[in-house]
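Enquirer: Taken in order, these protein sequences are the chains called Z and W.
Residue numbers for the first sequence follow the working numbering, so the first one is 1 and each next one is one higher.
Residue numbers for the second sequence follow the working numbering, so the first one is 1001 and each next one is one higher.
If you're looking for bench data, these hints aren't it; they were derived computationally from the structure.
Hints may contain errors.
In silico DSSO-like links for lysine-lysine, alpha-carbon gap of 27 angstroms or less [claimed, not checked]:
no.: 1; chain 1: W; residue 1: K1110; chain 2: W; residue 2: K1070
no.: 2; chain 1: W; residue 1: K1179; chain 2: W; residue 2: K1108
no.: 3; chain 1: Z; residue 1: K414; chain 2: W; residue 2: K1125
no.: 4; chain 1: Z; residue 1: K414; chain 2: Z; residue 2: K368
no.: 5; chain 1: W; residue 1: K1070; chain 2: W; residue 2: K1006
no.: 6; chain 1: W; residue 1: K1125; chain 2: W; residue 2: K1179
no.: 7; chain 1: Z; residue 1: K479; chain 2: W; residue 2: K1152
no.: 8; chain 1: W; residue 1: K1179; chain 2: W; residue 2: K1070
no.: 9; chain 1: W; residue 1: K1023; chain 2: Z; residue 2: K311
no.: 10; chain 1: W; residue 1: K1152; chain 2: Z; residue 2: K311
no.: 11; chain 1: W; residue 1: K1023; chain 2: W; residue 2: K1107
no.: 12; chain 1: W; residue 1: K1251; chain 2: W; residue 2: K1209
no.: 13; chain 1: W; residue 1: K1107; chain 2: W; residue 2: K1070
no.: 14; chain 1: W; residue 1: K1070; chain 2: W; residue 2: K1152
no.: 15; chain 1: W; residue 1: K1023; chain 2: Z; residue 2: K414
no.: 16; chain 1: W; residue 1: K1070; chain 2: Z; residue 2: K414
To spell it out: a stretch of chain W is covered by chain Z in this simulated footprint if at least three of its residues, at any positions, have a beta carbon under 8 angstroms from a beta carbon of chain Z; those stretches are [unchecked claim]:
no.: 17; stretch: 1018-1026
no.: 18; stretch: 1048-1055
no.: 19; stretch: 1080-1089
no.: 20; stretch: 1093-1101
no.: 21; stretch: 1167-1181
Per label pair, the in silico range of CB-to-CB distance [unchecked claim]:
no.: 22; chain 1: W; residue 1: I1286; chain 2: Z; residue 2: T292; range: 55 to 61 angstroms
no.: 23; chain 1: Z; residue 1: K36; chain 2: W; residue 2: D1019; range: 33 to 39 angstroms
no.: 24; chain 1: W; residue 1: R1254; chain 2: Z; residue 2: G400; range: 34 to 40 angstroms
no.: 25; chain 1: Z; residue 1: T121; chain 2: W; residue 2: D1238; range: 38 to 44 angstroms
no.: 26; chain 1: W; residue 1: G1012; chain 2: Z; residue 2: L139; range: 36 to 42 angstroms
no.: 27; chain 1: Z; residue 1: T292; chain 2: W; residue 2: T1263; range: 31 to 37 angstroms
All residues carry an ideal CB built from backbone N, CA and C; glycine is no exception.
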Amino acid sequence: MRQKATQILTWMNRYNPIDLAGPIVDKELRVAAGRKRYYFLRTLYIAILTLFLASVWFSHVGVSPVRAGALRAADMSSAGRMTIITIVSFQFITLPILAVVLLSNSVSDEIRQGTLAVLMTTPINALQIVVGKLFGRLLVLVLLLAISFPLLSIVRVFGGVPWTFVLAGVFLTFTTSMLGGSLSLLASISIRQAYRSTILVILILVFLFLAAIAIHTWNTVGGPPKWLKEMTGFLRFLNPYAIFYGVSSTLLPGGGGPQIMNGWFGHCLFMVFLSSGIALLATIRLRKVMLTEAFGGEKNSLRRWFRLDRKTFIERRAIRPIRGECVIWKELQRIRPRTIQPFLFYGAMALFIYTITILVPGRIVLSKTFHSWFAGILVLTGLIRTASLAAGSVASEREGRCWPLLLTTLLDEKQIIRGKVVAILIDTAPLWIWLFLHTVLFTAIGVLDPLAPFGLLLTIPPGILFFIGLGMYFGTRLKTVTGAVAVTFAAPIGMSFLFPLLGFANPIFCAAWSMQLSTEDLLTEPFGLVFLGSFAAAPIIVYATLGLVFLWQARCRVRRDVFGLGQVDVIGPRG
Amino acid sequence: MIETQKLSKYYGNLAALVDLDLKIEQGDIFGFIGPNGAGKTTTMRILATLLEPTRGRAFIDGLDVMRTGKEVRRRVGYMPDFMGVYDDLKVFEYLEFFAAAFNIERKKRKAIVEGVLELTDLQGKRTAAVDSLSRGMQQRLGLARVLIHDPKVLILDEPASGLDPRARIEIRELLRELKRMGKTIMISSHILSELEEICDHVGIIEHGKMVFSGTMDEIRRQMGIQSKMRVRVAGDRDRAFEVLSSLPQIKEVRPEDGYLAVTYAEGHEIDGTIARTLVQAGLDVIALEPEQLKLDNAFLQLTKGIVH
Chain Z
1 MRQKATQILT
11 WMNRYNPIDL
21 AGPIVDKELR
31 VAAGRKRYYF
41 LRTLYIAILT
51 LFLASVWFSH
61 VGVSPVRAGA
71 LRAADMSSAG
81 RMTIITIVSF
91 QFITLPILAV
101 VLLSNSVSDE
111 IRQGTLAVLM
121 TTPINALQIV
131 VGKLFGRLLV
141 LVLLLAISFP
151 LLSIVRVFGG
161 VPWTFVLAGV
171 FLTFTTSMLG
181 GSLSLLASIS
191 IRQAYRSTIL
201 VILILVFLFL
211 AAIAIHTWNT
221 VGGPPKWLKE
231 MTGFLRFLNP
241 YAIFYGVSST
251 LLPGGGGPQI
261 MNGWFGHCLF
271 MVFLSSGIAL
281 LATIRLRKVM
291 LTEAFGGEKN
301 SLRRWFRLDR
311 KTFIERRAIR
321 PIRGECVIWK
331 ELQRIRPRTI
341 QPFLFYGAMA
351 LFIYTITILV
361 PGRIVLSKTF
371 HSWFAGILVL
381 TGLIRTASLA
391 AGSVASEREG
401 RCWPLLLTTL
411 LDEKQIIRGK
421 VVAILIDTAP
431 LWIWLFLHTV
441 LFTAIGVLDP
451 LAPFGLLLTI
461 PPGILFFIGL
471 GMYFGTRLKT
481 VTGAVAVTFA
491 APIGMSFLFP
501 LLGFANPIFC
511 AAWSMQLSTE
521 DLLTEPFGLV
531 FLGSFAAAPI
541 IVYATLGLVF
551 LWQARCRVRR
561 DVFGLGQVDV
571 IGPRG
Chain W
1001 MIETQKLSKY
1011 YGNLAALVDL
1021 DLKIEQGDIF
1031 GFIGPNGAGK
1041 TTTMRILATL
1051 LEPTRGRAFI
1061 DGLDVMRTGK
1071 EVRRRVGYMP
1081 DFMGVYDDLK
1091 VFEYLEFFAA
1101 AFNIERKKRK
1111 AIVEGVLELT
1121 DLQGKRTAAV
1131 DSLSRGMQQR
1141 LGLARVLIHD
1151 PKVLILDEPA
1161 SGLDPRARIE
1171 IRELLRELKR
1181 MGKTIMISSH
1191 ILSELEEICD
1201 HVGIIEHGKM
1211 VFSGTMDEIR
1221 RQMGIQSKMR
1231 VRVAGDRDRA
1241 FEVLSSLPQI
1251 KEVRPEDGYL
1261 AVTYAEGHEI
1271 DGTIARTLVQ
1281 AGLDVIALEP
1291 EQLKLDNAFL
1301 QLTKGIVH
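Build the full structure now, drawing on both the sequences and the hints.
Expert: Quick look at the structure:
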């Protein structure tokens, strides 16, 4: 009997989930969780959540105690319900993104520091690394999720919110975070720059989000054929955002939306299986990378044949002579080593958008709403690309320790900054030209108002200038590309919180609104032209001015703190 | 060619350089030696116009480094201790880029790049991706880069670190070639014995202060360091020990691996005296090997007790 018990205990010990992950979880919890950026993210998360809650509470209950008791109780009930919806929704939106950010450098950092090959010499296997990294970092999120439990339990009583909703919200948040985290981990094995894997995975999540909206709109507005409708039901089941919408809409005033409260548990199980599958894929991929790192094995022959491998591509291509300004030339080699790359990307994007447009019945291409979405998505894509390139243009040289080499040449600050700006504009030009030609074409055939192209011309350039300036500025301030890109994206979001009007008049919304413009309305509506004037002036003046200020600051900082030591070193502007 | 006057650099309360006075003549190879954190890299970064000193002045070819940065950069080729490379470029493109960055005309660039590739023996790697090069090759590429605009002064921060013995020898030969070309070279290294063979002058720095600057002979003279001679005799070694110990110039004699290690005061022509005395005592001298003071020893002696 005792022998049997010992056997069972040994077996349990062998397959103990903590031991399965090995010492990696322990290391992650001890080292990674103590990093400065983790503290920053946690503080930011709690600060924004508190801000949201405060605004929801005061908008429903207010500060004045003069209302009658019954009304007061109704207010409390409404506030309780909205508080819970706010907390759960906030967690559902932010935590998966945090999971993506936290896991974006999980493997790439090990590869860069050369510690992955060292891990190969230990008994730790690839599965333990993947599981350890994933759960070590997801535990940080579980703590954030747990912060809200006491509040949810108390406030739930005011609003009469069913436990099922709270549970569904928590489970959906966790499983979506798990999906985002495992995707991010998989991306970090192949993509060395953390910000690139972050953007890629966030784009996948955004795509899922947009798909959820599209499915809902399609069902509500036109309605697909029966066979397609059945398919959309299945698609909704796969999409966490669609499920969350279904769950939360039952609690919203009016209670509209599909009643699919019962589907969330099955969806969560599916997401756990999907995440496990991705983690398994990551394990297989990681094992290959570990072997290559440790023994310098041959790269995938198919990738080499198609010259997808960067080194192979560079070695096989012909020497490219420098034409024009050398900084522009060098930047273009960095940001798009293959000249055809952006055209392929935008081509694929165009094919996807126009195919969807043709497939969707109801002549959607003739509606201004479609063109608003189209412009919004394209401007968002272009500005993400612009901001990440701008932030990386200086930071990558600092990170790669090439910056001092460039600064000991005869190039001055103006030439360096100008070269980098022009290269970014050249790289993103195809996207802007596509958007402009699309707008002009649909204006010519009468779908859009003649004001639309002018609206774009007025709103997009200040946005580009703003993001270039912001990116360049943080690129000269921060030591790593990922840090610079993260702050470049976070700064406008923070700015929008502080100055909501500025956030409201952002280039993406403005570009989308440009498509809705109507000359007739503007001339007939009272204050129409005044509205247009302020609409155009806000982004132009504010964003362009901020962009120029940041760009100037970036230029002034080119020779400061060249080695990232924190001191102020300026030799040059006087030289 | 290179001069600093009371050059100081502070990072907060930490003094990286304190009143450093330095003078390097044209065509010299100056070895800059010091332990980690001594201030070598800081000095070189200031001379390369990448750092501003807290106080003091620095001149290159008579030009004030702080006031005429661009003119100084035209005259200086700086190779940092850890050099990054643009990993999206080929070797030829990398050098051509820097040629363009130094405003070299497009027509002349190709010939200049080919020239430095030949000088650094990198012709075979001209189409290779920069980040596919070995560490030794990347160091050579770094040297090729600093030579691209034909600077008068080369500031090389530990160019031989991390290289295998063969690559070190090749770098040393390359530096000799550059000296023959009339370049003034300031070089820092932890491989002190290598500097000894190529440097005209050395500077030993510790805690931001120059503890010595001069030629190898001047080191010996200034420090009053004793020199050594290794003597091997056939027959009675004890007798030889007694004879040598009786000589007034000799400070110490002790047996060492079958030899007698003789320590004497610097400045004495001792070898003739030793040989003559031993022969007169009826002993056959098999070997008489002077052991020169090594830079490593000087470094250890000069910095002894100062390192905290």
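Enquirer: Which of the numbered hints are not met once you compare them with the structure shown?
Expert: Numbers 3, 4, 7, 9, 10, 11, 12, 15, 17, 21, 24, 25 and 27, in rising order.
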